[in-house]
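Given chain A's structure and the hints, the job is docking chain B onto it.
In the order they appear, the protein sequences are chains A and B. Residues in the first sequence are numbered from -12 upward in steps of one, following the numbering used here. Residues in the second sequence are numbered from 15 upward in steps of one, following the numbering used here.
Keep in mind the hints are simulated off the structure, nothing from the lab. Watch out, some of these pointers could steer you wrong.
[Claimed, not checked] Heads up, simulated SDA-like pairs for lysine to any residue below, C-alpha to C-alpha not over 20 Å straight-line:
#1 A/Lys(-11) with A/Gly16
#2 A/Lys79 with B/Gln55
#3 A/Lys79 with A/Phe36
#4 B/Lys27 with B/Glu89
#5 B/Lys27 with B/Phe64
#6 A/Lys43 with A/Lys29
#7 A/Lys29 with B/Ser100
#8 A/Lys79 with B/Arg69
#9 A/Lys29 with A/Gly(-4)
#10 A/Lys43 with A/Ser17
#11 A/Lys79 with B/Thr21
#12 A/Lys43 with B/Pro75
#13 A/Lys29 with B/Gln68
#14 A/Lys79 with B/Gln68
#15 A/Lys(-11) with B/Gly54
#16 A/Lys29 with B/Arg69
#17 A/Lys29 with B/Glu117
#18 B/Lys71 with A/Ile98
Quantities reported herein were computed from a predicted structural model and do not represent experimental measurements.
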Amino acid sequence: QKEVEQNSGPLSVPEGAIASLNCTYSDRGSQSFFWYRQYSGKSPELIMFIYSNGDKEDGRFTAQLNKASQYVSLLIRDSQPSDSATYLCAVKSNFGNEKLTFGTGTRLTIIP
Amino acid sequence: KAGVTQTPRYLIKTRGQQVTLSCSPISGHRSVSWYQQTPGQGLQFLFEYFSETQRNKGNFPGRFSGRQFSNSRSEMNVSTLELGDSALYLCASSLGPQGSGYEQYFGPGTRLTVT
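Looking at chain A on its own, in the form it has when it is part of the complex (with noise of 0.2 Å):
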């Protein structure tokens, strides 16, 4: 079982519409996670992090996060073409190990 699980789509979602984004994980220590956006050809960008159950909103972005089931999620409204991008979500355990363990992704493309 990998550690930080993603659909890899492509996910599509017409323009102005909600984009899903799930993650599952498997350390039940983890503590701190994050949904970084990465251009094809570029660097990954930090867009949302969240440490605390439930929601967290930021402008178009709300990122939710259920300790319990080890699920967290990311929701894009009003999705924009310029949404089109792989979105990585990342998990880091604050208990002896610190490092940030990324997902595969999951590629998002915004329909005109």
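Using the frame of chain A, we list chain B on its own:
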């Protein structure tokens, strides 16, 4: 403020050779982490350096090594290259070590092709 820089951007090597990649972090950043990115495995953590000391290491063979200098610049070395080492190598810098809550900023990467 200049971002993270990596040199070279592209590299072609043959099996058995060794290679050294360089990363210059954002000014003031003391932590540098290295990652390998391949289509099949995604982004995998190699190691992290903070204040010239290796803090964490991923599950890579000993052929992969690194170091950090007093000016926080870091180098990664891969010896006895294998075809499977072909990948995009990314470094990321942050003000503090991983786990301290500081954001990591990624460089543009070095694309290594092993033939």
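Now for the hints, and whether the structure bears them out:
no. : hint                    : result
1   : A/Lys(-11) with A/Gly16 : 15 Å, holds
2   : A/Lys79 with B/Gln55    : 18 Å, holds
3   : A/Lys79 with A/Phe36    : 11 Å, holds
4   : B/Lys27 with B/Glu89    : 17 Å, holds
5   : B/Lys27 with B/Phe64    : 29 Å, violated
6   : A/Lys43 with A/Lys29    : 26 Å, violated
7   : A/Lys29 with B/Ser100   : 17 Å, holds
8   : A/Lys79 with B/Arg69    : 14 Å, holds
9   : A/Lys29 with A/Gly(-4)  : 19 Å, holds
10  : A/Lys43 with A/Ser17    : 17 Å, holds
11  : A/Lys79 with B/Thr21    : 28 Å, violated
12  : A/Lys43 with B/Pro75    : 38 Å, violated
13  : A/Lys29 with B/Gln68    : 27 Å, violated
14  : A/Lys79 with B/Gln68    : 18 Å, holds
15  : A/Lys(-11) with B/Gly54 : 12 Å, holds
16  : A/Lys29 with B/Arg69    : 27 Å, violated
17  : A/Lys29 with B/Glu117   : 18 Å, holds
18  : B/Lys71 with A/Ile98    : 40 Å, violated
Hint compliance for this structure: hints 5, 6, 11, 12, 13, 16 and 18 are not met, and every other hint is.
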